[in-house]
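Using the sequences provided together with the hints, build the complete structure.
Protein chains: 2
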Amino acid sequence: MFKEAIYHRPKDNFAYAYDEKTLHIRLRTKKDDVEAVHLLYADPYEWKDGVWQLNRAPMVKSGFDDLFDYWFIEVIPPYRRLRYGFELTSGNEKIVYTEKGFYHEAPTDDTAYYFCFPFLNKIDVFHAPEWVKDTVWYQIFPERFANGNPAIDPEGTLPWASEDPTPTSFFGGDLEGIIQHLDYLVDLGVNGIYLTPIFHAPSNHKYDTTNYFEIDPHFGDKQTFKKLVDLCHEKGIRVMLDAVFNHCGYYFAPFQDVLKNGEASKYKDWFHIHEFPLQTTPRPNYDAFAFVAQMPKLNTENPEVKKYLLDVAAYWIQEFDIDGWRLDVANEIDHQFWREFRQVVKSMKPDVYILGEIWHDAMPWLRGDQFDAVMNYPFTNGAIRFFAKNEIGAKQFANIITNVLHSYPENVNEVAFHLLGSHDTPRILTVCDNDVRKVKLLFLFQLSFTGSPCIYYGDEIGMTGGQDPGCRKCMVWEEEKQNRDILEHVKKLIALRKAHPAFRRGKITFMDASDESNHLIYTKTYLDETILVMINNSSKEIDITVPLSLKGKWLVNLWTNEQFAAEAETLRAAIPPYSFLLYQIKNW
Amino acid sequence: MFKEAIYHRPKDNFAYAYDEKTLHIRLRTKKDDVEAVHLLYADPYEWKDGVWQLNRAPMVKSGFDDLFDYWFIEVIPPYRRLRYGFELTSGNEKIVYTEKGFYHEAPTDDTAYYFCFPFLNKIDVFHAPEWVKDTVWYQIFPERFANGNPAIDPEGTLPWASEDPTPTSFFGGDLEGIIQHLDYLVDLGVNGIYLTPIFHAPSNHKYDTTNYFEIDPHFGDKQTFKKLVDLCHEKGIRVMLDAVFNHCGYYFAPFQDVLKNGEASKYKDWFHIHEFPLQTTPRPNYDAFAFVAQMPKLNTENPEVKKYLLDVAAYWIQEFDIDGWRLDVANEIDHQFWREFRQVVKSMKPDVYILGEIWHDAMPWLRGDQFDAVMNYPFTNGAIRFFAKNEIGAKQFANIITNVLHSYPENVNEVAFHLLGSHDTPRILTVCDNDVRKVKLLFLFQLSFTGSPCIYYGDEIGMTGGQDPGCRKCMVWEEEKQNRDILEHVKKLIALRKAHPAFRRGKITFMDASDESNHLIYTKTYLDETILVMINNSSKEIDITVPLSLKGKWLVNLWTNEQFAAEAETLRAAIPPYSFLLYQIKNW
Ligand SMILES: [Ca+2]
Ligand SMILES: [Ca+2]
Numbered sequence: 001m002f003k004e005a006i007y008h009r010p011k012d013n014f015a016y017a018y019d020e021k022t023l024h025i026r027l028r029t030k031k032d033d034v035e036a037v038h039l040l041y042a043d044p045y046e047w048k049d050g051v052w053q054l055n056r057a058p059m060v061k062s063g064f065d066d067l068f069d070y071w072f073i074e075v076i077p078p079y080r081r082l083r084y085g086f087e088l089t090s091g092n093e094k095i096v097y098t099e100k101g102f103y104h105e106a107p108t109d110d111t112a113y114y115f116c117f118p119f120l121n122k123i124d125v126f127h128a129p130e131w132v133k134d135t136v137w138y139q140i141f142p143e144r145f146a147n148g149n150p151a152i153d154p155e156g157t158l159p160w161a162s163e164d165p166t167p168t169s170f171f172g173g174d175l176e177g178i179i180q181h182l183d184y185l186v187d188l189g190v191n192g193i194y195l196t197p198i199f200h201a202p203s204n205h206k207y208d209t210t211n212y213f214e215i216d217p218h219f220g221d222k223q224t225f226k227k228l229v230d231l232c233h234e235k236g237i238r239v240m241l242d243a244v245f246n247h248c249g250y251y252f253a254p255f256q257d258v259l260k261n262g263e264a265s266k267y268k269d270w271f272h273i274h275e276f277p278l279q280t281t282p283r284p285n286y287d288a289f290a291f292v293a294q295m296p297k298l299n300t301e302n303p304e305v306k307k308y309l310l311d312v313a314a315y316w317i318q319e320f321d322i323d324g325w326r327l328d329v330a331n332e333i334d335h336q337f338w339r340e341f342r343q344v345v346k347s348m349k350p351d352v353y354i355l356g357e358i359w360h361d362a363m364p365w366l367r368g369d370q371f372d373a374v375m376n377y378p379f380t381n382g383a384i385r386f387f388a389k390n391e392i393g394a395k396q397f398a399n400i401i402t403n404v405l406h407s408y409p410e411n412v413n414e415v416a417f418h419l420l421g422s423h424d425t426p427r428i429l430t431v432c433d434n435d436v437r438k439v440k441l442l443f444l445f446q447l448s449f450t451g452s453p454c455i456y457y458g459d460e461i462g463m464t465g466g467q468d469p470g471c472r473k474c475m476v477w478e479e480e481k482q483n484r485d486i487l488e489h490v491k492k493l494i495a496l497r498k499a500h501p502a503f504r505r506g507k508i509t510f511m512d513a514s515d516e517s518n519h520l521i522y523t524k525t526y527l528d529e530t531i532l533v534m535i536n537n538s539s540k541e542i543d544i545t546v547p548l549s550l551k552g553k554w555l556v557n558l559w560t561n562e563q564f565a566a567e568a569e570t571l572r573a574a575i576p577p578y579s580f581l582l583y584q585i586k587n588w
Numbered sequence: 001m002f003k004e005a006i007y008h009r010p011k012d013n014f015a016y017a018y019d020e021k022t023l024h025i026r027l028r029t030k031k032d033d034v035e036a037v038h039l040l041y042a043d044p045y046e047w048k049d050g051v052w053q054l055n056r057a058p059m060v061k062s063g064f065d066d067l068f069d070y071w072f073i074e075v076i077p078p079y080r081r082l083r084y085g086f087e088l089t090s091g092n093e094k095i096v097y098t099e100k101g102f103y104h105e106a107p108t109d110d111t112a113y114y115f116c117f118p119f120l121n122k123i124d125v126f127h128a129p130e131w132v133k134d135t136v137w138y139q140i141f142p143e144r145f146a147n148g149n150p151a152i153d154p155e156g157t158l159p160w161a162s163e164d165p166t167p168t169s170f171f172g173g174d175l176e177g178i179i180q181h182l183d184y185l186v187d188l189g190v191n192g193i194y195l196t197p198i199f200h201a202p203s204n205h206k207y208d209t210t211n212y213f214e215i216d217p218h219f220g221d222k223q224t225f226k227k228l229v230d231l232c233h234e235k236g237i238r239v240m241l242d243a244v245f246n247h248c249g250y251y252f253a254p255f256q257d258v259l260k261n262g263e264a265s266k267y268k269d270w271f272h273i274h275e276f277p278l279q280t281t282p283r284p285n286y287d288a289f290a291f292v293a294q295m296p297k298l299n300t301e302n303p304e305v306k307k308y309l310l311d312v313a314a315y316w317i318q319e320f321d322i323d324g325w326r327l328d329v330a331n332e333i334d335h336q337f338w339r340e341f342r343q344v345v346k347s348m349k350p351d352v353y354i355l356g357e358i359w360h361d362a363m364p365w366l367r368g369d370q371f372d373a374v375m376n377y378p379f380t381n382g383a384i385r386f387f388a389k390n391e392i393g394a395k396q397f398a399n400i401i402t403n404v405l406h407s408y409p410e411n412v413n414e415v416a417f418h419l420l421g422s423h424d425t426p427r428i429l430t431v432c433d434n435d436v437r438k439v440k441l442l443f444l445f446q447l448s449f450t451g452s453p454c455i456y457y458g459d460e461i462g463m464t465g466g467q468d469p470g471c472r473k474c475m476v477w478e479e480e481k482q483n484r485d486i487l488e489h490v491k492k493l494i495a496l497r498k499a500h501p502a503f504r505r506g507k508i509t510f511m512d513a514s515d516e517s518n519h520l521i522y523t524k525t526y527l528d529e530t531i532l533v534m535i536n537n538s539s540k541e542i543d544i545t546v547p548l549s550l551k552g553k554w555l556v557n558l559w560t561n562e563q564f565a566a567e568a569e570t571l572r573a574a575i576p577p578y579s580f581l582l583y584q585i586k587n588w
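Sequence order for the protein chains is A and B.
Take the first sequence: its position 183, counting from 1, is numbered 183 in UniProt numbering, and each next residue is one higher.
Take the second sequence: its position 334, counting from 1, is numbered 334 in UniProt numbering, and each next residue is one higher.
Check the hints yourself; a few may be wrong.
What the hints assert, rightly or not - List of simulated lysine-lysine pairs, DSSO-like, C-alpha gap at most 30 angstroms:
| # | chain 1 | residue 1 | chain 2 | residue 2 |
| --- | --- | --- | --- | --- |
| 1 | A | K266 | B | K100 |
| 2 | A | K31 | B | K61 |
| 3 | A | K11 | B | K30 |
| 4 | A | K268 | B | K122 |
| 5 | A | K122 | B | K389 |
| 6 | A | K31 | B | K349 |
| 7 | A | K507 | A | K346 |
| 8 | A | K21 | B | K266 |
| 9 | B | K307 | A | K11 |
| 10 | B | K395 | A | K94 |
| 11 | B | K389 | A | K48 |
| 12 | A | K389 | B | K100 |
| 13 | B | K100 | A | K133 |
| 14 | A | K31 | B | K11 |
| 15 | A | K395 | A | K3 |
| 16 | A | K11 | B | K133 |
| 17 | B | K94 | A | K11 |
| 18 | B | K266 | A | K11 |
| 19 | A | K349 | B | K94 |
| 20 | A | K30 | B | K349 |
| 21 | B | K11 | A | K3 |
| 22 | B | K100 | A | K3 |
Keep in mind the hints are simulated off the structure, nothing from the lab.
Here the structure is a predicted model, which means the values were calculated and not measured.
See below:
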């Protein structure tokens, strides 16, 4: 066996508390190198006649990617303590892998050799809100969703959808516009809305905050926002706001004070200023988001700044009862800040959702002390490369998804935020080169996958557009201009996701993935329900054998409601190009 | 190249802030598989004409162990942000390793492929007290160090050293005894003392605390302790106490209250009680240290308990100015508790040393938010297997030490607590089967190694004894009964460690390790000083070639003070069995 490929380190995604009683243990080995793995484990104080009383239990192969197999087991240690190692076998070969290295036989004269999960302390268990698992989000860019109150339009507002947006154009979208279209969202079936920033800021995107305690006057006022949240809650819709705490806007009063008073400003330590006087060109001589002088980075290590921002976080929960905070540029702010942020917001509202914007591997923020989830861009990236761009085949896609799932604990995956696009990426229909069939497959995969999916406003009606500002066009409200075909598809998927817990909470198992025919078959299983999804992501009709023994089962086509009893050992299915089949498998 | 063996994941020991400006990046590859590694890196916002402006810099091989090579580089990112990947070459083969996998050429159209160190926030930098790097500790088990005040001896106290200790015997050691022997410690050269628990407790070891706010009356009173700390500080000696917060003693008032009042006790949530009434046999029906009914586990998640214990931690700093807390059974207490503990004690005394008792890999406690160091038992274990027991050869020993050093960031290693034994292990002379030569080599390695070494009282005079209670005999004060040979050896080593920063702060490089002759040669380098250590850990004299080009250097034998100019290309050295040579290498 290939020792160099074997990896385990306690905590993070390899050994973690799934809940207050249960540990999950994972092991990574070289792909197809190991035939079986057993966990050797016991409480460290279980001794008899000088021999440590090891137990032995088989691990299951929970998946594989390009290079590795992953092994999994769940253990409930009776005294919440565990020492453990791994017995790996392949043919006649057997090795025991421990913290101290490899052995031929498992030592039982000492527990010091072994890996250690010292104690399952409840307070350290990763714990995210339960409702997130049952939520379908809808992301709204308020300036472009609907203009409900022309009286507060900014100067120079263009007629709705009269032209393509530029980085600086205004179309008059506002909170009242959202309120007026809540029925549309209810009809669509979403039960969470995520609003990009709504606080006072000069730009149309409002990531350059002027005042964190005020609603932007072009979006409305606090009464309107209160009405929006209350109406949403009445309709069973949660509301998440965008916390832009990494940087403020150029017109944020403390920054203006520093611009004016320089070193004498009492706010000079609110920022990271390299030298006085401040300069904005060629690059700002203060830390900023990227090198954008209009977005000075806040010094979140400064206790005054910390208090200010934590007060902001508390205020919008306390006064308006919001349900979540999405954290902009979350990984550029210190961990210490986020730990205190979590304590503040969770103490006010224990089931508030904390969602970080992190585009990379985010394990260090998902250890239970900081975020509940991150925007899972590695998922997005894989899905787009496979479905939208056909850059990778079905096998590689399954490997990417398996790899992402094994990068985090299961309880983290269960609340991960899965998006196909956002205000920061081109529209998916555009990425799919206007191929509606591909968009439908993307929605199918997203809405049958675990976690908390999010639809970017307008993607459900086939809006198009490239990278910002193209992806921020005005929402199309005229039904005849909407792609009703995509809309009905999305509504149907959301309805299925609601009706069948296996869609949202089911564990995914890749049954088959072919690079030749580019088809992908997976099941989602939750409790006693199994959903079978078969996707043909190629331009040719395929005729495949279902890789499951279904004899004696009922198959319900969830798309057509047809159902039939499987009588043969094997079943064959024909799937048109860029299409799919969706079955619920039921016992007789 | 062997892709499955290549490992990197940002943060922890692979990518971390060494200080407020500097990042350290490490990579692991299969041993002898890769010829060169270059870091590809840049600020994520450095673009020109749509191309990300990557830099390329060579990494150095910082060590190897049984299976792996380790590569290292230091980077100072001008804007504190970094994206990076690795270019690995071997012969004509070249691969680029990124977060998203392997490529033939480094992509420059997007930074999303790459590993991400988002921002170097100062507050998240691991930061331990500087003085710890220059400290040699002395661990005292107070009941057995010296009886300075017979008037407060417990009932049934035995005459000093009149017999071997049992688990329950008392010999009358106390704080006054330590005070009376401070000159001995000054003469030995140590400048830190670590006292096992001194708070009110019935046992001789006092890990079963009755009252955390009182000195045990058999050890003395608060005035005496204050005098001890003040005298130590006058003599440049720091004082560290033992915080037994995982569990209390059976006679701790809140536990007694629960025993008496059962479910009606207001302290019932201070513990983890499975059912009422409490039972102590056959196993306690409440959580305990191991299964020891006399040591009920405290519920450190309970805010009342947390406040109580944090008050304890603060009290002994505030009132007595102690310099460190050693945390007993530290890994069985929740991370949340330790994060708050750090905030409390560091806010009172920023350079207090927080030392956790963790016998296993302790990375999750050493991320800057919890401990400064752990008792580095993997070091102890390796040193004992090589020097004391000859269970492993020189190569494997060098590999173990290299592996331990690469398991943690460098700034963690610089303050690690390195012990050869403690009140929880057999005495080193006993482990060495009474071979004084081996004990001397152990002290040589420990006291020439990085971090903060600790001598267990009496080991320096050749005391013997097996596992507890054997290792807790009364300190031998009659000079004629002390092993003066070991004592002089230790004093000399401590003096050298003080005189030569390279001993304590130098980076270790293993130059040669032979399993045949069992010799080990390493250098310690700090700034412009290099120390060369050559150890013969075998029963035969060896005659070796020094694996360094020393021509044109002065060699100072630090043990004999002889010095000579190296004139030949190669130097040969003869080293007697279980002996060593120690040179300072100087330029002409
Ligand atoms: Ca408007
Ligand atoms: Ca006494």
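Right, here's what the structure says about each hint:
1. As the CA atoms of A:K266 and B:K100 are separated by approximately 44 angstroms, the hinted pair breaks the 30 angstroms bound.
2. Taking the CA atoms of A:K31 and B:K61, the gap is near 28 angstroms; set against the 30 angstroms cutoff, the hint holds.
3. Between A:K11 and B:K30 the CA atoms are separated by roughly 24 angstroms; this keeps the pair inside 30 angstroms, and the hint holds.
4. Restraint check for A:K268 and B:K122: the C-alpha separation of about 17 angstroms stays at or below 30 angstroms, so the hint holds.
5. Restraint check for A:K122 and B:K389: the C-alpha separation of about 41 angstroms exceeds 30 angstroms, so the hint is violated.
6. With a CA separation close to 51 angstroms, the supplied pair A:K31 and B:K349 exceeds the 30 angstroms bound.
7. Using a Cα cut-off of 30 angstroms, the hinted pair A:K507 and A:K346 holds, with the two alpha carbons roughly 28 angstroms apart.
8. Distance hint between A:K21 and B:K266 is fulfilled; the C-alpha atoms sit about 26 angstroms from each other, no more than 30 angstroms.
9. Annotation: proposed proximity of B:K307 to A:K11 holds, straight-line Cα distance about 27 angstroms (limit 30 angstroms).
10. At roughly 25 angstroms between alpha-carbon atoms, B:K395 and A:K94 fall within 30 angstroms of each other, so this suggested pair holds.
11. Of the supplied pair hints, the one linking B:K389 and A:K48 holds, its CA atoms being roughly 26 angstroms apart against a limit of 30 angstroms.
12. For the suggested pair A:K389 and B:K100, the alpha carbons sit about 17 angstroms apart, so the restraint of at most 30 angstroms is met.
13. About 27 angstroms separates the Cα atoms of B:K100 and A:K133, which keeps this hinted pair within 30 angstroms; it holds.
14. Taking the CA atoms of A:K31 and B:K11, the gap is near 26 angstroms; set against the 30 angstroms cutoff, the hint holds.
15. A C-alpha spacing of about 26 angstroms is found between A:K395 and A:K3, which places the hinted pair at or below 30 angstroms, so the restraint holds.
16. Using a Cα cut-off of 30 angstroms, the hinted pair A:K11 and B:K133 holds, with the two alpha carbons roughly 29 angstroms apart.
17. Of the supplied pair hints, the one linking B:K94 and A:K11 is violated, its CA atoms being roughly 33 angstroms apart against a limit of 30 angstroms.
18. Taking the CA atoms of B:K266 and A:K11, the gap is about 34 angstroms. The hint is violated against a cut of 30 angstroms.
19. Using a Cα cut-off of 30 angstroms, the hinted pair A:K349 and B:K94 is violated, with the two alpha carbons roughly 52 angstroms apart.
20. Between A:K30 and B:K349 the CA atoms are separated by roughly 49 angstroms; this puts the pair beyond 30 angstroms, and the hint is violated.
21. A threshold of 30 angstroms between alpha carbons decides the hint, and for B:K11 with A:K3 the separation of about 24 angstroms falls inside it, so the pair holds.
22. Between B:K100 and A:K3, the direct Cα distance comes to roughly 23 angstroms. Compliance with the 30 angstroms bound is thereby established for this hinted pair.
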